[in-house]
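Can you make the complete structure from the sequences, with help from the hints?
Protein chains in written order, with this note's numbering: chain A, 1 to 324; chain B, 1001 to 1324; chain C, 2001 to 2324; chain D, 3001 to 3324.
Quick caveat, the hints were computed from the structure, so don't treat them as lab data.
Computed cross-link-like contacts, PhoX-like style, restricted to lysine-lysine with a CA-CA straight-line distance of at most 20 angstroms:
#, chain 1, residue 1, chain 2, residue 2
1, D, Lys3320, B, Lys1320
2, B, Lys1320, D, Lys3069
3, B, Lys1038, B, Lys1069
4, C, Lys2320, A, Lys320
5, A, Lys69, C, Lys2320
6, D, Lys3320, B, Lys1069
7, A, Lys320, C, Lys2069
8, D, Lys3095, D, Lys3170
9, A, Lys214, A, Lys170
Just a few of them, taken from the derived set where beta-carbon distance is under 8 angstroms, the chain C residues facing chain D:
#, residue
10, Gly2120
11, Val2124
12, Thr2125
13, Arg2126
14, His2127
15, Ala2145
16, Val2146
17, Ala2147
18, Pro2148
19, Gly2149
20, Leu2151
21, Ile2153
22, Thr2154
23, Ile2156
24, Ile2161
Residues of chain A placed beyond 10 angstroms of chain D at every Cβ, according to the derived structure:
#, residue
25, Gly36
26, Gly54
27, Lys214
Note that the structure is a prediction, hence the values are computed from the model and not measured. Just so it is clear, CB atoms sit at the ideal spot from N, CA and C, and this is done for glycine as well.
There are 4 protein chains.
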Amino acid sequence: MKSIRTDLALEAREVLQEQNQFHIPGVRVDEEEKDGVKISRVHIISPLGEEKLGKPQGNYITLEAMDIKNRDPEYQENISSLLAQELGKLMNLNKDSVTLIVGLGNWNITPDSLGPKVVGRVLVTRHIFEYIPDQVDERIRSVCAVAPGVLGITGIETGEIIMGIVQRIKPDFVIAIDALASRKTDRIGTTIQIADTGINPGSGIGNKRMGINKDTLGVPTIAIGVPTVVYAHTIGRDCLQLMIDEFKNQAGPISSFYQTLERMDETQLDIMVQQVVSQELGDMVVTPKETDLMIDYIADILADGLDLALHENMSLEDVKHFLN
Amino acid sequence: MKSIRTDLALEAREVLQEQNQFHIPGVRVDEEEKDGVKISRVHIISPLGEEKLGKPQGNYITLEAMDIKNRDPEYQENISSLLAQELGKLMNLNKDSVTLIVGLGNWNITPDSLGPKVVGRVLVTRHIFEYIPDQVDERIRSVCAVAPGVLGITGIETGEIIMGIVQRIKPDFVIAIDALASRKTDRIGTTIQIADTGINPGSGIGNKRMGINKDTLGVPTIAIGVPTVVYAHTIGRDCLQLMIDEFKNQAGPISSFYQTLERMDETQLDIMVQQVVSQELGDMVVTPKETDLMIDYIADILADGLDLALHENMSLEDVKHFLN
Amino acid sequence: MKSIRTDLALEAREVLQEQNQFHIPGVRVDEEEKDGVKISRVHIISPLGEEKLGKPQGNYITLEAMDIKNRDPEYQENISSLLAQELGKLMNLNKDSVTLIVGLGNWNITPDSLGPKVVGRVLVTRHIFEYIPDQVDERIRSVCAVAPGVLGITGIETGEIIMGIVQRIKPDFVIAIDALASRKTDRIGTTIQIADTGINPGSGIGNKRMGINKDTLGVPTIAIGVPTVVYAHTIGRDCLQLMIDEFKNQAGPISSFYQTLERMDETQLDIMVQQVVSQELGDMVVTPKETDLMIDYIADILADGLDLALHENMSLEDVKHFLN
Amino acid sequence: MKSIRTDLALEAREVLQEQNQFHIPGVRVDEEEKDGVKISRVHIISPLGEEKLGKPQGNYITLEAMDIKNRDPEYQENISSLLAQELGKLMNLNKDSVTLIVGLGNWNITPDSLGPKVVGRVLVTRHIFEYIPDQVDERIRSVCAVAPGVLGITGIETGEIIMGIVQRIKPDFVIAIDALASRKTDRIGTTIQIADTGINPGSGIGNKRMGINKDTLGVPTIAIGVPTVVYAHTIGRDCLQLMIDEFKNQAGPISSFYQTLERMDETQLDIMVQQVVSQELGDMVVTPKETDLMIDYIADILADGLDLALHENMSLEDVKHFLN
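Right under this line is the structure:
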């Protein structure tokens, strides 16, 4: 598992499946397709599942919206609605709930700027409740949002900043938005993961040691993440795998090579890849050249989904009126 | 005083002087000139001074660097050095001091983006002390920095966010950077105010009700501000004043008009100006058209000054090495 | 006229009206109101009109959309539609027409960035006609767009760059988008001027000596401008005027002052204002503090209006599909 | 050669060397090392050389500055000076030479924004010569600069825009700045190629069909390029190569596999890679995650190098005074 850097529970499970582990104890999965979006729900329900997938127990919902590339406005709204529905199932919002949205990542590094961009676009209302309560529209709930910055710019661990804010304003829910790394390039900008386990050490593409979750913050914490990069050494790993799959069907010495590789277990293969490609690729990432536009687009989808989820009976049209 | 919106103690004093109040009880002033920069120190030392100037008791140091417009690199370094010297007098830094720099204001509104820009340029070191203490260079002190955003974007009062962070990381000093409004356009981008009273309700061009000062944060809090706008109605007020001064020296009916105006006290004049010009000018501001470039330039000067002040025996050349 | 810096024909006419010149020879005006937008059409039809208004002969259509401040999405679409209708009347587009949109101004100076922003948002199609003609949708016409930059950044007069491009690609129409200066702050971001005279020396807030018009380019050239600033000394002038109007109704010495001012003609008054306020205000401008957001908003309206005008039977919904 | 997408002549030659073609007819190479920068000069001097390297006849100078990653200010200045020296050898500048700098690429796509960024930072002087010739400092020469945008945004081929401008202002030299794609990730942001052949169809990471060179523009045209990405499928290709090299030294069936691969010629190998990895990787690129910062840094180096090359006896300190 080590060399395969992925923040998606879905991909962690895929890795096991590629190793012919189809029934993973402690993990329950269901899938459905709605409006052209594939929804997978990975439930890690025991310590064994936790160990197997390398992710804490909890619910990981993934929306795979491969047609996002066509930039169809209706499809875009569908994704936001589905995101809102899935969020709704994980949060038990009532009229007085206060939600804090946290945009993780760095404004100045394009593939890491998703969180701050969502914070800049989401409908924020808590100040209306606090300072002009008589102007509160009955459809809105109290929402606030911060983009705390990253360790290299602030000198403070992100988790500490958030804990400080949570302790003062005491929200009922925290939703942390983050850019992720996936294993497969076709998931970049097309896949949304919603996890009720929050952010845990080692996940995310930034520099986060302290968990941002119910344990550290004391309130239910949901993480929403979208892959914006694949680590370049993952590509090296995948290329080798693709070669092996290709060789499988060939005869002669290549076939004997394949048999050798087949016999090597995953770990040996990983070590070999690590030695060969990691040094050169370092912390290089793979992205579409148009990352800037892709991040803007997906930030809109997340902000819309959050607005639909966090307020009551509001359409995106209503939200647009509110925002202006 | 009401209609004259100024965040500078220096200007508050000027207003009184214009009303022939030259000896203001409870206020002590000294001035000097160094390297082409005029340094004024207004010390408000009693409740009476506080009331007269409409600012809390404390020390307000103003650097007026009118030649900043020539963009001479040496002059720029002089300003940073003088800023560092004045900061040094207000802060009793020792080897283990931790300083939190807070960049107030809104990234997305050019004249309000000074604070966040300084945060993005300052040398931040606290994470080195926390996570790789063996790599700490003996010349550096622990500095961290946040740009918490504004109420309209976060839904949380800036003061609350800062209090949350201060309570968790317990810095020894807070330095809050803010864009100010002045009365005179020639102070825009040329004047730096350093105040050991922090930020107090009603000051700053943003939306800050809660003080960001020693009372609210529990640690010494210094505010550094630079005027980036003049409120447009101030211009209206000043134009009238300039007219009056002009008429003073004329004979005939204009002279009698002047006498009338002379007899009106400041309050009456203000009310008249308010009625006449405020409705049209609303919250319009006066700025140089090149505000974007001006803010970038002054942000560099402040960041350099902070780096020189907060670390020991470091030149700007050294800092440049560190930052890269 | 000299001290009153305005790029709007409508305001040039207002100045004359304020001097009780209601019937201006050589100038025809009609007005109507549609969907909450006031449409004024100033037609300068003789050299005398040209001299009186200080603008070349031609048609100047102004849309005043004061409710733009409410940011109502429907109202926004109405303005775009009205802009498209008025453009349609000035341009005799046919199926094969090629239009070059030119975004004047400087990306890096917020109040001057309107033109480049519109260029970045408009639907551009000429390359489809040139390189993949079989994919041309029958509803689109050939549109191309450039943002040539400003003299201070390029070292080349904008007009020369545009002439070079026009001579090579030979468009049938040029539409130049520019940020303007108005006399009144309430026109900032709310008023759109469309002129079939193009851009002429001395107009616009930038640095343009060479005309960008039919004479210089050889093709019909339409200018679309929106005020984004008022020069600060205009405010000084207006404040004085407001005072005078106020004093008019008062008795005593102020009344006699008013009579004196009344007797001064406009020119004398202007000279006085110039002497008194210009030195201090220099090239300061008055803008809303949120200029950044205002420019973004109006750039969307202009881009939508251009898309509706330049293609056939396309709705904004259709355009959105095309852009993505 | 096909599957190996590189814009660097140096790498085109390396590919041949990897195929054991060390003496390439029609190609002369010399190398030296100065101040920690490796300078390679590839001279393509015959049609055979042209065909072999897939680049037009001319001189290709490459500066490899691997220590750029340390961000040492002195090293940075060295690179700028070396760039200026090499440019000086290719250009026969005299007192009256006019140089047009063209920044190719797209402002809004980070890895493609190098050219426009350099244009925004370079010292531009032509307008001083044209409009205030008496203020011309004797050390400066006439320089102008444009960033024409990309086909997808303008609808006009970049080459056409530049031809239009060149025909009007008749510069003596054109220097085109562009972001490139290399084969190796360690060249990203560390290698500068200077070519007196200009930009030729198929080179550059953007969308350029028309050459930007002496043939099309009629004046000597130099291209300066820096790799900012590696195409992701190149990584796939390289990984396979690395594996093969690794296997070489092993015994058993892997060794026989290696012999098979050895026997496949480059073309077969490429086809295999193309089939296997291209579909998945599409137009994905590999970049450092901090591309934004890297582009800013290298744009400064190029702008400094151009300033040193194009003016006479000016230090970077002098230029800094001029720019402000």
